[in-house]
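Engineer: Based on the sequences and whatever the hints tell you, model everything.
Number of protein chains: 4
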Amino acid sequence: MKPTQAILAEILDEVRPLIGQGKVADYIPALARVSNQKLAIAVYTNEGEVIKAGDAEEAFSVQSISKALSLTLAMVLYKPEEIWQRVGKEPSGQAFNSMIQLEMEHGIPRNPFINAGAIVVADLLQSRLSAPRHRLLEFVRQLSGDTHIVYDKIVAASEMMHSDRNAAIAYLMRSFGNFENDVIPVLNNYFHACALKMTCVDLAKTFSYLANKGVSVQTKKEIITPVQTKQLNALLATCGLYDGAGEFAYRVGMPGKSGVGGGIIAIVPGEMTIAVWSPELDPSGNSLAGTKALELLSERIGRSIF
Amino acid sequence: MKPTQAILAEILDEVRPLIGQGKVADYIPALARVSNQKLAIAVYTNEGEVIKAGDAEEAFSVQSISKALSLTLAMVLYKPEEIWQRVGKEPSGQAFNSMIQLEMEHGIPRNPFINAGAIVVADLLQSRLSAPRHRLLEFVRQLSGDTHIVYDKIVAASEMMHSDRNAAIAYLMRSFGNFENDVIPVLNNYFHACALKMTCVDLAKTFSYLANKGVSVQTKKEIITPVQTKQLNALLATCGLYDGAGEFAYRVGMPGKSGVGGGIIAIVPGEMTIAVWSPELDPSGNSLAGTKALELLSERIGRSIF
Amino acid sequence: MKPTQAILAEILDEVRPLIGQGKVADYIPALARVSNQKLAIAVYTNEGEVIKAGDAEEAFSVQSISKALSLTLAMVLYKPEEIWQRVGKEPSGQAFNSMIQLEMEHGIPRNPFINAGAIVVADLLQSRLSAPRHRLLEFVRQLSGDTHIVYDKIVAASEMMHSDRNAAIAYLMRSFGNFENDVIPVLNNYFHACALKMTCVDLAKTFSYLANKGVSVQTKKEIITPVQTKQLNALLATCGLYDGAGEFAYRVGMPGKSGVGGGIIAIVPGEMTIAVWSPELDPSGNSLAGTKALELLSERIGRSIF
Amino acid sequence: MKPTQAILAEILDEVRPLIGQGKVADYIPALARVSNQKLAIAVYTNEGEVIKAGDAEEAFSVQSISKALSLTLAMVLYKPEEIWQRVGKEPSGQAFNSMIQLEMEHGIPRNPFINAGAIVVADLLQSRLSAPRHRLLEFVRQLSGDTHIVYDKIVAASEMMHSDRNAAIAYLMRSFGNFENDVIPVLNNYFHACALKMTCVDLAKTFSYLANKGVSVQTKKEIITPVQTKQLNALLATCGLYDGAGEFAYRVGMPGKSGVGGGIIAIVPGEMTIAVWSPELDPSGNSLAGTKALELLSERIGRSIF
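Chains as they are written, first to last, in my numbering: chain A, 1 to 306; chain B, 307 to 612; chain C, 613 to 918; chain D, 919 to 1224.
By construction, these hints were calculated from the structure, which means they are not laboratory data.
Please note: incorrect hints may appear among the correct ones.
Stated by the list, open to error - Only pairs whose alpha carbons sit at most 30 Å apart, straight line, appear in this in silico DSSO-like list of lysine-lysine:
1. A/LYS79 x B/LYS598
2. C/LYS650 x C/LYS765
3. A/LYS292 x B/LYS519
4. C/LYS904 x C/LYS825
5. C/LYS614 x D/LYS1138
6. A/LYS23 x A/LYS79
7. C/LYS904 x D/LYS997
8. D/LYS941 x D/LYS1131
9. D/LYS1210 x C/LYS825
10. A/LYS2 x B/LYS526
As the list claims (entries may be wrong) - From chain B, some residues computed to sit far from chain A (all C-beta separations above 10 Å):
11. GLU316
12. GLU320
13. GLU363
14. LEU383
15. GLU388
16. GLU396
17. ARG434
18. ASN494
19. THR525
20. LEU602
Don't be surprised by glycine CBs; every beta carbon is placed ideally from N, CA and C.
Structural biologist: Following this line, the structure appears as structure tokens:
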């Protein structure tokens, strides 16, 4: 069955009662003050159709969802071995910002979606782009067709003020020889990427290349090759949901990436890209109602990768 | 493209030069003396066709591949929450027999495919079946249509003599209240399951329900529900390959389960079940040439879940 | 200043108000039902004088204090390298029954006073003594001059029923080749040693060799050499108080060994042996009021090793 | 027996053959180029007599020995609870610069002699002294009576260039709220303290207050109280030798502090202060021949705290 506006609206109605059972991220004020009542879903089909429900046109902080975009850029700029000698491809089995594993594994982060790994990717971009922050913004504006996408400067500045742990991570990797640039500017770019403000519709359109063998449905351009697309989806499926990747695969069964802003993107290869948003998080840091909405959608339309 | 005998034979020719670069499991003599030259692949389509190449009719020790069978039995016998309160669904991010995580997580194994998790599953089967060993053998004989499948008694006895670490794991779980039966008989059943001798053809036929929404292609009977099938495939995709699940997803892109006997099964949902065998292992404990054969097959026939 | 009966009584009066702030060990009923009001101190000088206050003639479960006795026996029976290749000499920095470190350090326990290390010592005794349990009892009866000392059979049996974690520890060491005998009889001896019932006077007399260059003040016999005495005191000072060795050295400044029965022995080399008893424990598992009593005694008589 | 020049010279002759079995610290060039042939010992008695042998008047980089001096200053400036709520008193049981424990224990270092703890002490000094670096230099010049003591600026600068791991440690503590000042200036002071150049005679005189109930034998002034002296010696005995504190207590039996420059100071309370120097280190990072020299001295003069 194909998703329809009615199905999406129905799903939002079903998950709305979950609001109140999770916890909005509150480590920075700009995230803490987002209303927990926000709820949105958008589907972008490989035929270019947008189907949506709820607050799908309201922009929110994408946070870690941006890690999939940064990795895409790095895959375009670098040969595979240049990336994968500096960051692994395995689930971490640890909290997303743990330093323990990083020390035991000599400064090589487990995968590009934990903080350490995303900081390595930011370091890679810094080494090869003259203006990585500008490049990323241009990239998402093109892919989404939305030229109004901006960085939330307050969020970026606020993250920077709470960056001690990420600075520790970067310095630890530097001590192992796995960091090339100055720590502060790299972190600044990293936090800007996290501070992208995008709507569910923007996100679904932006990531359409992952559902379409690497070709953006919006721009018709090949962003990455079919093999790279398969690889990126595989990484999302095994590592994209922090400590909750197994549970997410079990319940939703789609490659996905979440952010502490409450957004999640999910891919049905060959068919569609989905974005959901609900700010309250489960204990693993993934949107509680958002995950449930994806689970219901998977059941309702009979789609998953398994 | 559909797999043909010619494609399979070609793939085996391509991966044969890898023999010599891995290491046959040698912790027990019965495994150590298997020839490293063995090489096999078998595909069982959802239409019931068998395509095969190499030593596909020679039986070998399935080892941890049996964990997927035991879990299937447990899913039939128990309600989901009865299983998942005793074992998790997340990748471990640790070596497959690590006790560190088990202690830190209070005796709840990360997933049913690491040793600790499989021992919990064996404990579950012991609590509810009068003769779990007999039941499992009957199960694989039916699913494969091969009534000659047996337990390798020498392998089982030999494993039992090297069972100290697994005994430690079982006692540690017991100390946390996550073990119901006597340790020795449960371990004995666990090692018998690992000591199943099956061919690649047997394995491909046995696991056909995972490619066919829960219905065995061989027997036409529903083994588990479509939802359970999706769940089991999800668990295999995120946790089925020890520490190498991410790499396997990245390269092969199919749910799978490996064993230190050098076998791997892999699933293309809706289409086919695949089994490969090559005794030499990579550092993660997965068949080296077997993984490569699956990677090439995925490329050649253009199939993966991503 | 020399300790007098008056000083000891005064110290007990000062620490008695601490009762209620700790927690009596309750993992087995036989320990849980000991009155938290018990309070005792005994000093045995190198001149053979006994000074005491409180319940110093009442027997209690010595628990881990016995580990120092077992190690003494092992030091008599084995050459140093035979012991120290199987167990380390360093503080563990971990909870006393942690398996994490044991796995990371390949089955070699950090020191002979954590559970794993004491179980290795029990294994050593088992390999060389025909009746280790009998030998230990004889040993403490001689050293204390108290022929009524017995094992508390209820405590030993009760510990054996809660031995899963220690069994896990023993099997893990076995898997690393650091365990020679069958697990169950060794654990049984280990728990019997813990179940010794002794009074503070017994304990102070028994350990007098540690204050007297290896010669028992009671029997005048050399138990261990002066160098071994220095070594054993050093081990007690750095590893004798579980996770609280540093704090104990900082406050009390004497080599010591504690047990979860609430007893502690402490040594002033060249001068005296001290035993205290108060069943309530601090979070590290050491007697709360007992530690304070030793701290006050150190201050009052101006004695410590520092 | 009292130490004499002849005994000291004899001891150096005995340990000299060990040169070649250790490894000179080589993480910075200024340390790597020190001759491994250097060998020195100096004793400073509580009567004010200096006895020495070998290169006892040649200055070397004291490195971590300075941590005992910085802690002494902190103990003078702060109330005990102000220090001990920010840093623990227990052996770490881990390599001296491990971040794992620091993360698991929420940014509170185990003790003031591991790097993390010493950096907290440097942060404490920074908060309360206008010129901590100047103050420390003045302090050692007074205590040693040697006005020529200086910081080795090349060493300090070189350490600063290899400070990534220590920066990571500082930022991690900051993320837990256990760091008050800017990271860079604190690290700069910390590295200057490590870069103090002192001779064995300087060191033995400087630390004489630890052997003399807090009163400097050189200046006759009380540096810390008798209770503080006992406490500091206790901390040195349990935590002063990195991962080798237990072994050092077992063999030498004196409170001590080592540095990767190859120096060690050791205390015989009530009698004397000892300093040794030999640049080659054992695997724990302690001077190999230096430790042996202290062990022989302890045997020869029959002195230890046990």
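Engineer: Does the structure break any of the earlier hints, and which numbers would those be?
Structural biologist: Checked against the structure, the hints that fail are numbers 6, 8 and 16, while the rest are satisfied.
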